[in-house]
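A.B. asks: Chain by chain, the residues run as shown.
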Amino acid sequence: MKLLRPSKAGTYESNDIYLMLFPGSSGNKLELESVVYETYGKQIKNVIFTTLEAIGVNNVLVKAIDKGALDFTIKARLKTALKRGGIDV
Amino acid sequence: MSNLRRSILFIPGNNPGMLQNADVFDADSVIFDLEDSVSLDEKDSARLLVKEVLDTINFNCEIIVRINPFDTPFYEDDVNLIKNSNANLILLPKASCESVLDLTKRLEATKINIMVLIETAMGVEQVFAILSSSERCKGLMIGGEDLCVDLNCPRTKAGNEIFYARSRLVNCAKALNKFVIDTPFTDTNDEKGLIVDTKFAKSLGFIGKASINPRQIYFINEVFSPTALEIKHAKRIIAAKESALKQGLGVFALDGKMVDLPIIKRAESLLETSRKLGLIKE
Chain S
1 MKLLRPSKAG
11 TYESNDIYLM
21 LFPGSSGNKL
31 ELESVVYETY
41 GKQIKNVIFT
51 TLEAIGVNNV
61 LVKAIDKGAL
71 DFTIKARLKT
81 ALKRGGIDV
Chain P
1 MSNLRRSILF
11 IPGNNPGMLQ
21 NADVFDADSV
31 IFDLEDSVSL
41 DEKDSARLLV
51 KEVLDTINFN
61 CEIIVRINPF
71 DTPFYEDDVN
81 LIKNSNANLI
91 LLPKASCESV
101 LDLTKRLEAT
111 KINIMVLIET
121 AMGVEQVFAI
131 LSSSERCKGL
141 MIGGEDLCVD
151 LNCPRTKAGN
161 EIFYARSRLV
171 NCAKALNKFV
181 IDTPFTDTND
191 EKGLIVDTKF
201 AKSLGFIGKA
211 SINPRQIYFI
221 NEVFSPTALE
231 IKHAKRIIAA
241 KESALKQGLG
251 VFALDGKMVD
261 LPIIKRAESL
271 LETSRKLGLI
281 KE
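Chains S and P are the protein sequences, given in the same order. Residue 50 in the numbering used here is what sits at position 50 of the first sequence, and the numbering runs on without skipping anything. Residue 178 in the numbering used here is what sits at position 178 of the second sequence, and the numbering runs on without skipping anything.
No lab work stands behind these hints, which were simulated from the structure alone.
Residues from chain S shown here face chain P by an in silico Cβ test under 10 Å; the list is partial:
(1) Glu13
(2) Asn15
(3) Asp16
(4) Ile17
(5) Gly68
(6) Leu70
(7) Thr73
(8) Ala76
(9) Lys79
(10) Ala81
(11) Lys83
Calculated cross-link-like contacts (lysine to aspartate or glutamate; reagent style EDC-like; alpha-carbon spacing at most 16 Å):
(12) S/Lys83 / P/Asp44
(13) S/Lys8 / P/Asp41
(14) P/Lys265 / P/Glu242
(15) S/Lys83 / P/Asp77
(16) P/Lys276 / P/Glu222
(17) P/Lys157 / P/Glu191
(18) S/Lys8 / P/Glu42
(19) S/Lys83 / P/Glu42
(20) S/Lys8 / P/Asp44
(21) P/Lys232 / P/Glu268
(22) S/Lys83 / P/Asp41
Bear in mind that the values here come from a model prediction, so they are computed numbers and not experimental data. Backbone N, C-alpha and C define an ideal beta-carbon position, used for all residues, glycine too.
Sequences and hints are given; from them, build the entire structure.
C.D. replies: Shown next as C-alpha cells:
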C-alpha cells in the first residue's frame, strides 16, 4: 500500500510523538529525533518499521519527533497518520 | 478491582500521558473520553490511541469509554473500534431509547455493557424507558452541564436547577436495580464545595460521583466510603439481629430504637462495601 498524500499525527506533549509522513520511492525510511534516543532509539525505530510492515505499507518517509512516547502511542499515532494519508489501517 | 463505583474519573482520550497512568489516581473507574475533551479534528487520533491503550495495558480499575453521541458522524467508527476492546462499559452520551437499542445491537457479540449519560430534558423524562430498553444497560450518569444548557438555566454550585433531575434519575435507577452516578463538580479549586455537593448526592441515593480532576478523587472516595463509626454501628446491628434470632424475635431494639428488616439490610450492605474496600477483615 502506498501513502496517497503527506499526513501528520501526534503532538509535542510529553509522552507523545509527532509524526509526519511523506510518500517516498525507495522503501520505508525514518528520520527520528527523540528525547530518549540513546536509550530507546532502536526500540522506537523497531515499532515504526514493524507497524508499517504489518499494515503492508512501503515507500513512505517518516519524520518523527519523539517526546517519550510508549510503544502503543507510537503505533496509534502512526496508524492515525497513515489513515489520514489515505491508507486503510 | 473493588467493583464499587464511588469515584469515576474522566480522562481525555487523546492524552497518552494521562491514559497510560489512568489507574494510579485511586478512582474506582475511569472514563476514556472520546467526546467533549477531544477536538473535532482529533477524533480519529483519540479513537486509535484509546484502542491501542486498551489492547496494551491491563488496568487495575474498571474502564469505561465515552463514545460520541448517536447522531454524530463519529459514533459508528467509535463503536466499531471500541467493541473489539476490553473496555468494561461504553458510556453513551445524550442517550435515548433509539440510541441504546442501536448500541445494544452493535455490541451483541461482545461482553461490553452500557452506561447511559442522561443530559437532556427529554432524557430525564424518558429515563425509565431508556434504562429498561436494554439488558446491557447497567446504569446511568447525570450530566449536569449539558442538562442546564438544555434547560436554559445557569449551572450553580447549589445545584437547585438539577434537583428534580437528580431525584428522578435516582428513583428510576433504583426501581430498575441499576447503578446511578452523579455529575462532576466542575470547580476543581473548591474542595469544600466538592465535599458538600458529594455528600448531597449521596444523601439523594447516588452511589458515586464523576470527576474531571484526579485531585477530587480522594474527597469523593472519602464521602462514599463507610466511616469507622458507621461500621461499628452496623456490626452492632448484625450482632443484635443474631441474638434476637436466637430468642425468636423478628423485631428488636438497639439503643432504644426499633431495628427491622430495612435497617438490617442497610447494615449488611454497608458491611459488604466495607469488606470490598478492605476496611474490615472477617
